[in-house]
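Asker: Next come the chains, spelled out residue by residue.
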Amino acid sequence: MAANLIPHLPALQVIIPLVAAPLCLLAGRTGFAWVIAFIASVAATITAAALAYLTYHDGTISYHMGGWAPPWGIEYVVDTANAFILLLVSSIATMVLIYSPASVAKEIRPGRGHLYYCMYILCLTGLLGIAITGDAFNVFVFLEVSSLSSYALIAMGGQRKALTAAFQYLVMGTIGATFFLIGVGLLYMMTGTLNMADLAKRIPEIQDSRPVLAAFAFITVGLALKAALFPLHLWLPNAYAYAPSGVSAFMAATATKVSLYVLLRFTFTIFGAEFAFGNLPLSWVLLVPAVIAMFAGSFSAMFQRDIKRMLAYSSVAQIGYITLAISLGTNAGVMAALVHIFNHGLMKAALFCAMGCIFYRIGSTRIDQMAGLGRQMPWTFAAIVAGGLSLLGVPLTAGFISKWYLVQAAMQSGLWILVVLIAVSSMLALVYVWRLVEALYFKEPNPGRETVAEAPMSMLVPTLLLAGANIYFGIDTRVPVAMAENAANLLMQGLGQ
Amino acid sequence: MRHHRVLRVISKLLIPFIMLFALYVQFHGDFGPGGGFQAGVIMASAFILYGLIFGLENARKVAPPGVITMLVAAGVLIYAGTGYAGLLKGGNFLDYNVLAATPVGGQHLGILIIEFGVGTTVAAAMITIFFLFAGRER
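Chains as they are written, first to last, in my numbering: chain A, 79 to 575; chain B, 218 to 355.
Hints in this document: simulated from the structure, not taken from any laboratory. Each residue gets a CB set at the ideal place from its N, CA and C atoms; glycine is no exception.
Selected chain A positions facing chain B (in silico; Cβ < 7 Å):
#1 A89
#2 V97
#3 P100
#4 L103
#5 L104
#6 H142
#7 M143
#8 G144
#9 G145
Chain A with its partners taken away, still in its complex shape:
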């Protein structure tokens, strides 16, 4: 049986969570829905791990949906680049699901828990689908699946502002997705194909035509909006701040990363590095906003009173680092981007989970409410410190590995000024991380607030595992670095050849 399943792994990666979503709705009870979502998420993680193993050792896998051969049918293509993303998305989803029951009971209105899990697993389906498909229009479909479900998830946040945050994200996200669709439509008009490999073959002949140039511009801007690249990040702080804790952790770690992956895929595999960086000034178009994001994001983070908002602004800065790496347009740059996509996912998942633990106990994530909490919730505090150190890029944490490859990539391109800018902006992160640590540990507790206990085990264990992963992948870097290296080589080669 297991051997028979292996050729179908690319389809199962998406259709297991896809079927779980309506089942969660039918389950009707929060507990049942959680079990279904959890089984699907674990299955997706195992599938992703198997696909990662197979692609790393045997090369690219192609799957023909419905038995229709590409380029006519929809093809799923798995190589190391998207297997890496699949593994990140599904494993974070599983960790956050373990964490979810307690926080859902606290934050989601009673009677809506099963809808939460339905939307959550649908969002996972969408993100996995975006990553795995080899069809440009299929990307758009899954982009909408993940976006629509995430709007609903954000709107489930307890405060009324969650509704405006979700609406704001809906408007911005729809503009981004529409831009992407216009770009894909123009490409279809010019080439008559939607298959990515086929597009890569046909575009070079007509790459100087206006519609292709316009398509490239629309796709880049649309994806930059979905990835929250400065100055298109305005939807992100509110969305992450007001979403339920589990949603913040899951989305901060995965949603923007998947959009960046699509940007990588379109830039390098479909249009080709030479077109994007040689003929067109993509390098500058991405580099300038990326550098501004690194500083503006960190500066804004320093002045936030709500820590979830602070972390959201920090995400804007971190997306700046990833985009900076992409903008170099070199093999080393792409590799640094992929490594940081992975490591930043770990950091933000750990930190947002820890914020959820704090919210569970004190019902707020405002920094003035948190004074002295570190001594009452020592394990949560430890997770915050580990995540914070990783965010700074201190040696022996995952963040250091990212910064290391990022700085190396910048040096290889001879851009010493970037090395300085990366170092300076990392110092800015020290300011806001220290502000949090100081409030948690060194300030006296507010006299009015009751002494609280540590968060429940079901929340604490996944938080600590995610925080531990930040340390583990700072020491044992074999898996992410080997996969990112392999993936970067593949992306630089392009599919057409």
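Got chain A; can you put chain B on it based on the hints?
Answerer: Only chain B this time, still in chain A's reference frame:
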């Protein structure tokens, strides 16, 4: 709407034909223009018309929101289930060729079931949206 006798009578007359047309668009979809999405919207419009003319309470009695929600999920499951059937019969996901004795028969059968799933979900989703918007004031 109690006093609008013309509207009430005409709607009563129209609703069965709207539903019949929906079924036609649904099941004739693989020979002519149409398909699950269009059929679902037409089917939902029959319920929405009923709700507009005879009131939300009556519409909820005809189409209980709980059942409608189940149908939203059921449609997706019909679609995915057909895909899985292809998988179990030795083809790829959504491969209709293996569903019946001949590939052509399989394609016919497959698209018919898939479109039925689409129609179910679309109709149920449209009715749910109508209920949610119409019931917003309370």
